[in-house]
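Protein chains in written order, with our numbering: chain A, 1 to 555; chain B, 1001 to 1678.
Quick caveat, the hints were computed from the structure, so don't treat them as lab data.
Any given hint could turn out to be false.
Under 8 Å between C-beta atoms, here's a sample of chain A residues computed to sit facing chain B [as the list claims (entries may be wrong)]:
# : residue
1 : Lys20
2 : Asp22
3 : Ser35
4 : Glu410
5 : Val421
6 : Asn433
7 : Leu488
Reference excerpt, derived from the structure (chain B facing chain A, CB under 7 Å, subset only) [unchecked claim]:
#  : residue
8  : Ile1105
9  : Ala1118
10 : Glu1199
11 : Gly1576
Ranges between beta-carbon positions, derived for each pair [stated by the list, open to error]:
#  : chain 1 : residue 1 : chain 2 : residue 2 : range
12 : B       : Thr1010   : A       : Val550    : 47 to 55 Å
13 : A       : Gln380    : B       : Lys1561   : 31 to 39 Å
14 : A       : Ala549    : B       : Arg1573   : 34 to 42 Å
15 : A       : Asp86     : B       : Pro1345   : 54 to 62 Å
Just so it is clear, CB atoms sit at the ideal spot from N, CA and C, and this is done for glycine as well.
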Amino acid sequence: MSSPAAPSLDPITVEVVRHKLDGIANEMESTLLRSSFSPIVKEGLDASASLFTPAGETLAQACAIPIHLATLIPIVRTFIKEFPLDTMHEGDLFVMNDPYLGGTHLPDIAIVMPVFHRDRVIAFSAAMTHHQDVGGMTPGSIPTNATEIFQEGLRIPPLRLRDRGVMNDTFVKMLRLNVRIPDTVMGDINAQIAACQIGARRLIELADAHGHNLMNAIFQSLLDRSETMTRAALREIPDGTYRYADHLDNDGIELDRRVRIEVAVTIKDGTMHCDFTGSSGQLRGPFNCVPSGSAAAAYFSIRAITDPSIPTNAGCFRPVTLHLPEASVVNPRAPAPVGSRTATIKRIAGCILGAFKDVLPDKVPADSAGTLLTMAFGGQRPDGSTYVVGEMIAGGSGASRYRDGVDMIETDATNCMNLPVEALEMEAPIRVNRLALRADSGGAGRQRGGLGVVKEYEVLQGETTLTHRGERHYCQASGADGGGAGALSISVIRRVDGEEIAIPSKLVTSLRAGDKLIVETSGGGGYGDPRQRDAALRAADLANGKISAVAAADD
Amino acid sequence: MDIGVDIGGTFTDVVCRDPSGQIRFVKVPSTRADPGRAVLHSIRHMAEAWGVKPADIARFAHGTTVATNAVLERKGARIGLIATQGFRDVIEIGRQMRHRMYDVILEPETPAFLAPGARRKEVPERIAADGAVVTPLDEAAVARVARELADDGVEAIAICFLFAFANPAHEARARDIVRANHPAIVVTTSHEVDPAFREYERTVVTAFDAYVKPVIDRYLRGLEDGLAGAGVPAPLQVMQSRGGLMAASVARQRPVRLFLSGPAAGVIGARMVGRSAGIDDLITVDIGGTSCDIALIDRGKALIRGEGVIDGFPVRVAMVDVNSIGAGGGSIAWLDRAGGLRVGPHSAGAEPGPACYGRGGQEPTVTDASVVLGYVNPDYFAGGTLKLEPARARAVIQDKLAKPLAMSVEQAALGIHRVLNAQMAEGIRLVSIRQGLDPRKYALLPLGGGGPVHATALARELGIGRVLVPRHPGVLSAAGLLAAPVEHEISASFPRPLADLDLGELRRHLGELDRRCAPLMAAEKLGAAAVSIQYLADVCYIGQAYTLEVPLHLDQPEPIKRLTDDFLAVHDRVYGHATPTPARIVNIRAIHRTGGSEDDELPYAPAAGDPLKGTRPILVAGAKDFVPAAIYERAAMAPGLAFQGPAIVEQQDTTTLVEPGWSGSIDRAGNLILTSRS
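The shape of chain B in the complex, shown without the other chains:
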């Protein structure tokens, strides 16, 4: 029995796969104060409702928001920072750019809250750009400042020296001194977390690692104890930002890699679904209550970026390239002072939520519009767990929008959808254009509970002809956890021009990375499972500041020429041109991978009963009046079933709107494929 548990802001999703491949899932409310409680609660639920014995659980894979929440809520550890003499303010100075261009009353752009000046210490030491020692490390000073920080009550210390990526000796020695003198204090060093140049970015990610480490450690330990107590023998595995799992025992050593745990699992889930449907190029759109997360899967690979943003701060750790735009199901519709209908960026969130939730929401939202337009069945929302009140949705749209605009409630509701869809489509287009990818060549994969109701409209706006709705879009992240491989990654700075690259030297350095990766994989205790190794290099033109990640194929003839050619191809895609001018490697990276079941064909058996439940009038863009739409029950739709829009497909975790002009069919794996007829 394999279990995947994804903790989101509102719900904790649990997916259970039995040895026959049969999937079951449940959503339980998240318990923000102690996220682990929801996990343990779900184990009880599985035992009681499905008869799953804890002892039969062979895998337990977990996606968590604990690291992100610790930052958002400023609930990380009290940390201290030790820097090179003269540079303790690097973390507070930052890169001097402001995010909100037109603001004049500004807010700090740097995470100085991690360690304010009083908890930032300096020690005499200096390494030069070439790694040479300019000033030897003052070991007595390290001991002294460590004592001061310990006296100040810090739980963790981040050590960030200039050019430590070129020569880590001073950082390593300082770490050993701090550890020897203060064994209870967690120590993290910049050359271990992020061995790459640019001192601000390296310091920030190192400080974040220290900040979340004690929190993650406590959380994972609590979860492990809970699982053991419940009789689950499987080791806990955690999803990393890059889209691979690792043992909790390893994850806690480098917790900064857990920031995008949940969304990464969603992208892995989407890739798995894409493979089952034979579609390699996908744009995934996860529409939640307040935001919409967009990711691209190109030729079967999720796009990865080397630096992400957490709460507005740069975090230089590889992560799936998920881009967020501020529009979702809870987005509020309002009239501006010139009578224009606007949607967002304010959201009703989960509390009070849309007016139709009946929890006191007084503003019209996108979900309210979906109810008025007939898209969403008020009695079958979230599987019927939340009964919606259409009268409230109508009333609020009537009062706030329809009346002042002198139009019908239905037209106003349709307006909300049209405006939101136009806005989201432009956001999605921009995300793909920035990657040098033309959205028209991709299929759209909606996920999350809110995605499928907008899917055909978004596809139409984007010129996309195919939509792939997974069997369970609402719990795709949890399903992705079950499919993901176990993965470990080690990087190193390796600044060399490509022109005079010594292949033997490159192999030696990669071999060193392999030696450091191997024990991490061994700690997974996966037995003799085959490990595949991938090498990557961050490459840029000489004189250019930003790198592109390019695979290294050492097993092929002329690997350096191949690397150069591949770099030019990626550069051409991302930047629109490429010239054979001198380029250089900045960092190299080894990734060790094992397991993963993305290729597994999961058996699909539809439930008994007539999939066609009836018809319901709906209003869609471009139509003058309501049209009758066929209503299908997703669970009962068998492979081969074909139908035409307008139609609504209802299922426990989401609702899919199939606009007129689209055809739908169920494939062998149970995916719902929508195709534009124009």
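Extracted from the complex, chain A is given alone in its bound form:
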């Protein structure tokens, strides 16, 4: 553990500066979201902004979805290694996206700016954005059938995007030529630069007010404080090694092979170590997760189980270590594809939380569906124009000791909105015949798991390409303390001639006029013995259609 704050530091000034750092990160994030062009940033909020110390420790981060949590850390470290501080200059900007050098997946491009005060680097301001396209084999650059990273788009190594104020035109030209929508990509990169500049401007004001040395001492004190608080919170968990394992359906290529995520979490004297030995070897398909993603899942979990009032900065992460076996699903070797790693991060987060189910029964619920069914419909309208509509559908959350799970809710590392029925029908010649809670899909228990949903689509005209990326079609969300598992996901195509096709979790196919697609998302696990469920709650579930008469009789 680091030394306590220097006694000369005024604790009030430290707290005031903390609010300012959080405010700066929020202002950067707000600028990033506001000035970006692409819908995935504006409406999917898939972007984040951070401040770092010159040593590469996070001072403050603003992100709207946890999957970004701490993912810039390895990137900033890579830059510091590649471009030592004494070679950096005012007006420099750095750029990269390569997952194998610290990045996440190729659409996430990071921009990092050294902040100078009196000729010294006092901090870094950084912004990461999920870009709408970075080239590769499919529009949007997340092909579900990629078997090499080269198919997923352009790999950008750590580069100077701007050198002492002069943009790197060679790189910009290369980038523009390799993406499908160069204006949008550059617009979003400019938004990232604007965010970094706002961060730099306000950090310099802060250094002017406090002086470089004092500010640096305050930074260290803030990190130490969060570390102290995190260690204190971890010490409240009994020492020991806690194990958990869960599965992903498949990697989109080898459809019959389940993907295992196994973790042994060791809590010892205020530290947490996550060992992923036993997880599947690296996959042929794009569900591999590079270390930054595995770390984001771990950091999400630690935030979720410790005191929520602990300010998030690198200090929180100091007590956390990971063992990620080489050439595995949690630490693949290049050139394995990594684009669809979101599902994997969600499952890793679920496993780390799951490991604490028994030891922290008040804080950790039964497993959630932990899935985001991701679909795209693409085709032509009657007037010949083309449409591509994306759809993301959640399942139920796990029940906890004192509460039922929540129906149809985003959990863990992601937090995306679904698509309104009316928005879909205005956009594409597709009709939704039904959108309903899926009765009996929540795991039975003293507290019932949250329900998934049923949604039925009908193609009205022409032909539609359907991309379907599901989870929990083969592996249920487990219950806790005797509770039952949530129902499996089921997706079926009912052809106009009556033929029925069950979708094996991942599928790319065509639908024609009159074809129907019925998706049923999975439920969360139940908590406690179902026989102990309150009769009034069961009666209400029956009256409100959350369970059927058959299920009520079975309990």
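Please arrange chain B on chain A, whose structure you already have, making use of the hints.
Relative to chain A, chain B alone:
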């Protein structure tokens, strides 16, 4: 005689303006169980204390929290919901996003409590996206489910069919069937409440309308009867979320528009004060006990947003854009496990309140710090109605903070203020940045009793050089009620690309909105008062999901080009860029307005006596020790009076701290203007 009554959580504020423009006000405790009682109580008070005859009351304008409280306390009507076959769960499914990102034990994000599954019915019917009928309405099914809901004892029914905004025929017919069969049941339809796409949001706002309708109706009727009984001839007017008044008789038809009644009045009041001081760009900061409400007035216009949030649920109704952050005078200061001084989010509230209230509060709060630092006069808090106990404030700060931090009580108290101010300043900055507005270009207007003590410190943090303290910041909402215009609004879905917009068709549709607005205004019985009409369009780029509200200027040349240019300008402000790519209208809206006295110059006559009451030592940020501050009595400060900080300005409803480095002066209208000297 005009009366404005604003009911807040703790106090009911009453402002009375006589024909000469003279303002008087009183605060009476709110009566939560029956809010109307406080109103009637205040009428008695006015008669007894000020000799106001009820018969002389020409206007009675009211801001109310009844709609919001019905939701917060889950005390709305028992309602049923009728939906398109296959879609009764829309209200419970929602948009699947969680508000607390790091929580793993979750709570429902949707207001299923409004109508649980058993009270949600489906009927065969379907309208397509283009408004065509796919499945005709099954009228027998409507009658059947209405009977089932009636048997279940519902007071109100919300009808929400898919694409009803594109073709309201099925909803209208279903409404008529329910009404014919069950005349006692209140019916509300989604195309009338919120004719816009996105079925979840439309269903929620429609269900909320049904939920609060019987409650609001009972409340307004009780109030009207009470006023009539007391001999008040004026019709009751109610403030809407958007910042206009309407007759209670109309308000009860669309009660969902009353959710932000009080804060909207505050923003109108702030705009009025801004005009009197010649300041058009304002950030208003209302610091209460547990929260701080922030709103922006840009070039004389309050920013409006199309969707608000009530108790965490989206309510798609236009409202003044008031943003709340969880920090206020009652916020509790505490030490975290690493010895850091934190302020909030927990609050001592009004009960037990800060330690210095002497009501059993055991935690140090911001108000306790204000007492220790000498900012607040313990004998003149809330006009002397609540005597503060400085010893309790000192003791609790000493025990809980100063001792463990090994610092003096005064330094710890100052720390509370510094931390709170830094936190609030970042919150205010974020609210303005999100709107694309640079706070440094605005003047800060503190309102509420707790605002002015933080004003110069917040302005300093934000780089704001001017602070405008109204004559009566503590009752500005009630004053705003008196200044607000009467306003009615009708919207309709009008999905058209701007590129091939038919101006004649647009005019026809707006004319239809005018025809629907006119009877609402006629119901106000305001005689031949001039009505001004404003048209607005919600516009977005094709492919974009969220719209921006842009004024339509049909009386100017090339109105569509003007609309396009204005859309690009607003887009540039809010989103930081704008390109001339294809855009479309989503909804159109007509607003009819009349009256309003925001431009009225209210005469200001200071009370007799020496405004300078003496000096008191205070401790401010950046100073090593206490400094003597001049203490002024606001009521006696005459226009033209100028002074320098450090100073304290005391008045019945608030205390203003003027830090060193700031100059103060009183303008012609009696406003206190503070200017930074740096």
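Please name the hints from earlier in the document that this structure breaks, with their numbers sorted from lowest to highest. 7, 14 and 15
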